[in-house]
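A.B. asks: Put together the whole structure using the sequences plus the hints.
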Amino acid sequence: MNKTVNQKAWFLVLPVLALVSFSAVIPLMTVVNYSVQDSFGNNQFFWAGLEWFKEMLESERMWNALWRQLAFSAIILAIQIPLGIIVALNMPKSGFWASFCLVLMSLPLLIPWNVVGTIWQIFGRVDIGLLGYTLDAIGIEYNYTQNFYAAWITVIVMDVWHWTSLVALLAYAGLQSIPDAYYQAAKIDQASRWAVFRYIELPKMAGVLMIAILLRFMDSFMIYTEPFVVTGGGPGNSTTFLSIDLVKMALGQFDLGPAAAFSIMYFLVILLISWVFYTVMTNMDKRDGV
Amino acid sequence: MAKITLDNLAHSYSPNPSGPEDYALKQLDHDWVDGEAYALLGASGCGKSTLLNIISGLLEPSQGRILFDGVDVTHAPTAQRNIAQVFQFPVVYDTMTVRDNLAFPLRNRGADAAYIAKRVQEIGAMIGMEAVLDRKARGLTADAKQKISLGRGMVREDVNALLFDEPLTVIDPHMKWELRTQLKSLHQQFGHTMIYVTHDQTEALTFADKVVVMYDGRVVQMGTPQELFERPEHTFVGYFIGSPGMNVLAAEVRGDRAVIGGQEIGLGRSFGQPKGRVEVGVRPEFTRLGAEGLPATVKRVEDVGRHKIVRADVGGTEVNVILSEGVPVPADATRIAFAPEGVNVYSDGWRVAPEAATPEGAAA
Amino acid sequence: MTDTTTSAPGSASIPGRATEAPIAARRKPPIKGAAVVMGLYLLFLMLPLYWLLNMSLKTNAEILGSFTLWPRDLTFANYATILTDPSWYSGYINSLIYVCMNVAITLTVALPAAYAFSRYHFMGDKHLFFWLLTNRMAPPAVFALPFFQLYSSVQLFDTHIAVALAHCLFNVPLAVWILEGFMRGVPKEIDETAYIDGYSFPKFFVKIFMPLIASGIGVAAFFAFMFSWVELLLSRTLTAVEAKPIAATMTRTVGASGVDWGVLAAAGVLTIVPGALVIWFVRNYIAKGFALGRV
Chain A
1 MNKTVNQKAW FLVLPVLALV SFSAVIPLMT VVNYSVQDSF GNNQFFWAGL
51 EWFKEMLESE RMWNALWRQL AFSAIILAIQ IPLGIIVALN MPKSGFWASF
101 CLVLMSLPLL IPWNVVGTIW QIFGRVDIGL LGYTLDAIGI EYNYTQNFYA
151 AWITVIVMDV WHWTSLVALL AYAGLQSIPD AYYQAAKIDQ ASRWAVFRYI
201 ELPKMAGVLM IAILLRFMDS FMIYTEPFVV TGGGPGNSTT FLSIDLVKMA
251 LGQFDLGPAA AFSIMYFLVI LLISWVFYTV MTNMDKRDGV
Chain B
1 MAKITLDNLA HSYSPNPSGP EDYALKQLDH DWVDGEAYAL LGASGCGKST
51 LLNIISGLLE PSQGRILFDG VDVTHAPTAQ RNIAQVFQFP VVYDTMTVRD
101 NLAFPLRNRG ADAAYIAKRV QEIGAMIGME AVLDRKARGL TADAKQKISL
151 GRGMVREDVN ALLFDEPLTV IDPHMKWELR TQLKSLHQQF GHTMIYVTHD
201 QTEALTFADK VVVMYDGRVV QMGTPQELFE RPEHTFVGYF IGSPGMNVLA
251 AEVRGDRAVI GGQEIGLGRS FGQPKGRVEV GVRPEFTRLG AEGLPATVKR
301 VEDVGRHKIV RADVGGTEVN VILSEGVPVP ADATRIAFAP EGVNVYSDGW
351 RVAPEAATPE GAAA
Chain C
1 MTDTTTSAPG SASIPGRATE APIAARRKPP IKGAAVVMGL YLLFLMLPLY
51 WLLNMSLKTN AEILGSFTLW PRDLTFANYA TILTDPSWYS GYINSLIYVC
101 MNVAITLTVA LPAAYAFSRY HFMGDKHLFF WLLTNRMAPP AVFALPFFQL
151 YSSVQLFDTH IAVALAHCLF NVPLAVWILE GFMRGVPKEI DETAYIDGYS
201 FPKFFVKIFM PLIASGIGVA AFFAFMFSWV ELLLSRTLTA VEAKPIAATM
251 TRTVGASGVD WGVLAAAGVL TIVPGALVIW FVRNYIAKGF ALGRV
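Chains as they are written, first to last, in the UniProt record's numbering: chain A, 1 to 290; chain B, 1 to 364; chain C, 1 to 295.
The set of hints was computed from the structure by calculation and includes no laboratory data. What you are looking at is a predicted structure, and each value in this text was computed from that prediction instead of being measured. Mixed in with the good hints, there may be bad ones.
[Stated by the list, open to error] Dumping the calculated DSSO-like pairs for lysine-lysine here, alpha-carbon to alpha-carbon at most 30 angstroms: (1) A:187 with B:176; (2) A:8 with A:93; (3) A:187 with B:308; (4) C:288 with A:3; (5) A:187 with B:118; (6) A:187 with C:288; (7) C:188 with C:207; (8) A:187 with B:184; (9) A:3 with C:188; (10) C:203 with A:8; (11) A:8 with C:207; (12) C:188 with B:176; (13) A:3 with C:126; (14) C:203 with C:188; (15) A:3 with C:203; (16) A:8 with C:32; (17) C:32 with C:288; (18) C:203 with C:288; (19) B:26 with B:210; (20) B:136 with B:176.
C.D. replies: Below, the structure written as structure tokens:
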């Protein structure tokens, strides 16, 4: 659509600007302020320059949390995107069963995140949880509070359980927008099932899949509540992701300076990766057009 | 290339059709002669797309058989029928280049690379897209995309038939003409059996050797454009084809006389004693204004350039009269008369053939 | 089976098993694989939920004492505990209050902004749009402490509006983005026609434009509801007693005598109910809604 230039449109954006400034800019300034100061209590602050940033960049704790976080997000995307597509491809196209699947699939998305954690915390317990009990009964050693692998697998399966439906629903919406004629033409051209997916379904889903990847990346990178409830970041620090580490530092130890520096770098990493995703994908779009 | 036979075919979208109204396509027997160009003409929802999809195998008919050169293909999947189809909205594989799009049907059938390259080049030239063969199909205009669909249909030399489902709907008017001409010359050059579905009479009449008119799930007439114009088999054909369509007036017919709105006129030929709902149909081209015939009131005169259309009212029914260019509307235009060679009589919508001239009639 | 083999001539016209079975078998054999995939996936989704429901209907003695696949000793006592104790059910009321406030605020400010982005070019529009979206990317953990200080300093700590405003941080950008997508689909000629017909901007916007993007508003409201309802970190940080959300109240079940599993499970089940209700009402729009107007 060709838009007209109209500076008065600013008035329409003003409420959003005011609201988001209040909710974002002021707190962000506070964070920046903390990040360059030091305090010895009594609300007395001293200029610390980039000390905290330096400290954080040298801290093994932050780097470990960052690598854990990247590994987690990568695994999540690698499972959820293909699985979501597979589910979307197998969903009924219309009728009662389509609604039935949609309703059940949306359910996990609307459960408060700590309840998601609670559900899996219970489900995985060896004494009272179906999963834990069953695994224990067939002789698999499984204890997500003690065992590193069990903890990771639990957290990952939980996130797959929680969010794959979002990817599936987005992909399904993309699939629904493909006119029947495309499938008919493919039949006439004797295209294989794979070719139909590769040349018709995947290109039509590309737009929504990009949204899915971005959303899933951002949200998995910020994950806090669910693993916190299930594992509390343990055993040891093995599931201490960035947000968990940050909250521990800021609210638990009240190390405001380092936590603030940490926050800013954390935010910048998300922005950077999201921006890279975004540009790469929009460029792919543009290149295809030429 | 093949002769396509429809044997006792019918289709209903409901699994348990209870009556004829449940059938999207009513019982039909028909041969599509090898190498002819047909147009399937009808209003939206008349069953023409259903018929096309049954021929291409996208739909399985609820009853009857389809034979390609005598071989029953009723239950054969689309791919085995070896037909090509062009759809209403251009279907192209966006992420492929134009070249790959054209090569796709051949590659899927395992043709060898050298042949594919040669064939794609030929087709590219034929549809006038050699220059953009290496471009991605995404971002091309609708008519370029439709040309690619067309090219994909033509690329296989051995197709049994080429089917078109309103292929020019999304094309600009001036491109429509160009593409239609191109289609026609391709047909003359290669002699594919073509079936072209449309609701546009100009498209149908200019494209096809034979036009098949469908109405309410039924084939009401098949014939050359001239036959459709002169002897519409059904009142629907009468007013669907022609601009404006045929005038249809309720009448009582006895032999060669008809009573229309209490007024008796002569028909020139005898039509016996037709039963049911009887109507007289006369094209505007065979209708004259003057001092004799049925009383009429002229409502409006439209000058459309080559001729004038006079809209008149005869006992509550609108009747159109075409006057050639330069002919003025007569001052005493109070009555309307019909040229005998243009009069058709219909019973319950279907044409009643005039009786062969009897010896007495000849004597009189 | 026996019906079809012994059927007399003419029985085919009798509706029923004998005629329907062969038609069904002939028409849709290829769905089988898909049904298996979907069945397994839905089973995976439903099992943990079933387990929660199952536990909520058991007594603690049964939960801890024996491993049972369904409640042998069915009890609603856990639900009774929650629904009769104000300190429990007020958590639900608090949550619902701030979620509804958030949805209302989000839509009120996002609608005009989305309109501006979808219709006009103005100085800094692209940067502003990207800046808005970056707030969706901001980890709530980063904002927890500053929010606490900010809202304490303006005397809003432990109020519903504080949580509602805090959630606007990520809901407003998302809503602007979703609504912008839907609004772009509405031809500009509609606006122009309305102005020519003498509508003022507010009247046009409410009377003509909003009904046109009703589905978009529904989708934005759905997402705002969803993200506000499920969020815990900020809502817990910004509340103490008065506006404490249900999700935070659930930690109460950990007492001196250990965890009260039955009540915890019942509270969990009850947090799922509002979401399930919302989904039920929008079930016919879910597929379209998730396309976010961008397909």
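A.B. asks: Each hint needs a verdict: does it hold in this structure or not?
C.D. replies: Do the hints match the structure? See the list:
With a C-alpha separation of about 27 angstroms, the suggested pair residue 187 (chain A) and residue 176 (chain B) falls inside the 30 angstroms cut-off, and the hint holds. For the proposed pair residue 8 (chain A) and residue 93 (chain A), the alpha carbon gap of about 45 angstroms is over 30 angstroms, so the pair is violated. Under the criterion of a C-alpha separation no larger than 30 angstroms, the hint pairing residue 187 (chain A) with residue 308 (chain B) is inconsistent with the structure, at around 50 angstroms. In summary, the hint linking residue 288 (chain C) to residue 3 (chain A) is supported, as the alpha carbons are separated by about 26 angstroms, within the 30 angstroms threshold.
For the hint pairing residue 187 (chain A) with residue 118 (chain B), the CA-to-CA distance comes to about 24 angstroms; that is within 30 angstroms, so the pair holds. Annotation: proposed proximity of residue 187 (chain A) to residue 288 (chain C) holds, straight-line Cα distance about 27 angstroms (limit 30 angstroms). For the hint pairing residue 188 (chain C) with residue 207 (chain C), the CA-to-CA distance comes to about 16 angstroms; that is within 30 angstroms, so the pair holds. Pair hint residue 187 (chain A) plus residue 184 (chain B) holds up; C-alpha atoms about 26 angstroms apart against a cutoff of 30 angstroms.
Under the criterion of a C-alpha separation no larger than 30 angstroms, the hint pairing residue 3 (chain A) with residue 188 (chain C) is consistent with the structure, at around 9 angstroms. Taken as a hint, the residue 203 (chain C) and residue 8 (chain A) pair is honoured in the structure, with Cα atoms around 18 angstroms apart against an allowance of 30 angstroms. For the hint pairing residue 8 (chain A) with residue 207 (chain C), the CA-to-CA distance comes to about 22 angstroms; that is within 30 angstroms, so the pair holds. Distance check on the hinted pair: residue 188 (chain C) and residue 176 (chain B) sit about 28 angstroms apart at the alpha-carbon level, within 30 angstroms; holds.
Using a Cα cut-off of 30 angstroms, the hinted pair residue 3 (chain A) and residue 126 (chain C) holds, with the two alpha carbons roughly 13 angstroms apart. Proposed proximity of residue 203 (chain C) and residue 188 (chain C) is supported: the alpha carbons are some 16 angstroms apart, at most 30 angstroms. Taking the CA atoms of residue 3 (chain A) and residue 203 (chain C), the gap is near 22 angstroms; set against the 30 angstroms cutoff, the hint holds. Between the alpha carbons of residue 8 (chain A) and residue 32 (chain C) the distance comes to roughly 58 angstroms, so the proposed pair goes past 30 angstroms and is violated.
Pair hint residue 32 (chain C) plus residue 288 (chain C) holds up; C-alpha atoms about 26 angstroms apart against a cutoff of 30 angstroms. With a C-alpha separation of about 28 angstroms, the suggested pairing of residue 203 (chain C) with residue 288 (chain C) holds against the 30 angstroms cut-off. For the suggested pair residue 26 (chain B) and residue 210 (chain B), the alpha carbons sit about 21 angstroms apart, so the restraint of at most 30 angstroms is met. Under the criterion of a C-alpha separation no larger than 30 angstroms, the hint pairing residue 136 (chain B) with residue 176 (chain B) is consistent with the structure, at around 23 angstroms.
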